[in-house]
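> At position 101 of the sequence shown the residue is numbered 364 (this note's numbering), and the sequence of numbers has no breaks.
To be clear, the hints were calculated from the coordinates, so they are not data collected in a lab.
From the three backbone atoms N, C-alpha and C, an ideal C-beta is built for every residue, glycine too.
Possibly wrong hints are sitting among the right ones.
[As the list claims (entries may be wrong)] Listed next, with one range per pair, are the computed distances between beta-carbon atoms:
no. : residue 1 : residue 2 : range
1   : A282      : T364      : 18 to 28 Å
2   : L276      : E325      : 24 to 34 Å
3   : E279      : D365      : 16 to 26 Å
4   : R302      : A344      : 35 to 45 Å
5   : E279      : T327      : 28 to 38 Å
6   : E342      : I308      : 27 to 37 Å
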Amino acid sequence: MPAYVILHTTAILDEELHAEFRRRVGPLLEARGGKYLMRGDVSEIIGEAAAGHTRVAVMEFETTEQAQAWARDPQPPGEYAELRELRNRAARYVSLIVESTD
């Protein structure tokens with residue numbers, strides 16, 4: 264069953280750094296077996312919101328293990344860790360791994 268990584272950006276701290284992260288992350292995501300299903304700005308919030316809402320990305324992987332490997336960056340060491348550090352300087356976010364049940 265596929266698994267999804269949902270990245271919810273709650274605040275952009277540095278738009279330039281965030282743009283650099285977005286430019287560099289796609290090829291690495293594909294090399295790790297993932298693909299973007301969507302990414303974009305939040306256009307409307309329905310209901311009550313406890314945190315800021317700016318951008319959302321949904322990535323698909325064939326398995327939960329692939330999604331977890333992407334999130335934990337086991338090997339090759341450091342590739343995604345470097346980008347994650349850049350992302351952490353650029354934005355605040357919440358990241359989830361969701362297993363498909365269908």
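> The structure should be examined with respect to each hint, and the outcome stated for every one.
Here is what the structure says about each hint:
Remark: the range hint 18 to 28 Å for A282 to T364 is contradicted by a beta-carbon distance near 35 Å. The beta-carbon spacing between L276 and E325, approximately 33 Å, falls within the hinted interval of 24 to 34 Å. The given range of 16 to 26 Å is broken by E279 and D365, whose C-beta atoms sit roughly 39 Å from each other. For the hinted restraint 35 to 45 Å between R302 and A344, the CB-CB distance of approximately 21 Å leaves it violated.
Taking the beta carbon of each, E279 and T327 are about 34 Å apart, inside 28 to 38 Å as hinted. The beta-carbon spacing between E342 and I308, approximately 34 Å, falls within the hinted interval of 27 to 37 Å.
Checked against the numbered hints given earlier, the structure breaks hints 1, 3, 4 and satisfies all the rest.
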